[in-house]
Amino acid sequence: MSIIISILTTVLVIALVLYLVQKLPIDSTMKQMAQIVTVVVGIVSLLSSLDVF
Numbered sequence: 009m010s011i012i013i014s015i016l017t018t019v020l021v022i023a024l025v026l027y028l029v030q031k032l033p034i035d036s037t038m039k040q041m042a043q044i045v046t047v048v049v050g051i052v053s054l055l056s057s058l059d060v061f
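Our numbering numbers the first residue of the sequence shown as 9 and each following residue consecutively.
Hints are computed from structural coordinates only; laboratory data are not their basis. It is possible that some hints are incorrect.
Derived DEER-like restraints, expressed as beta-carbon distance ranges [as the list claims (entries may be wrong)]:
| # | residue 1 | residue 2 | range |
| --- | --- | --- | --- |
| 1 | Ile13 | Gln40 | 29 to 37 Å |
| 2 | Pro33 | Asp59 | 33 to 41 Å |
| 3 | Val60 | Val21 | 16 to 24 Å |
What you are looking at is a predicted structure, and each value in this text was computed from that prediction instead of being measured. Beta carbons: idealized from backbone N, C-alpha and C, even for Gly.
Using the sequences and the hints, build the whole thing.
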């Protein structure tokens, strides 16, 4: 049960960060780079919560 909670929490945090990146007053290439970094960090976090690493 705690794995499900950690996965849901990670997904919600990723979604929140992606939403906040969209609201930043920066150019589109920097937004895209920030989104890619957010998704990569989120995937690594999800994999570590599933004990893959």
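Going through the hints against the structure:
no.	hint	result
1	Ile13 with Gln40: 29 to 37 Å	holds, 31 Å
2	Pro33 with Asp59: 33 to 41 Å	holds, 39 Å
3	Val60 with Val21: 16 to 24 Å	holds, 19 Å
In terms of the numbered hints stated before, the structure departs from none.
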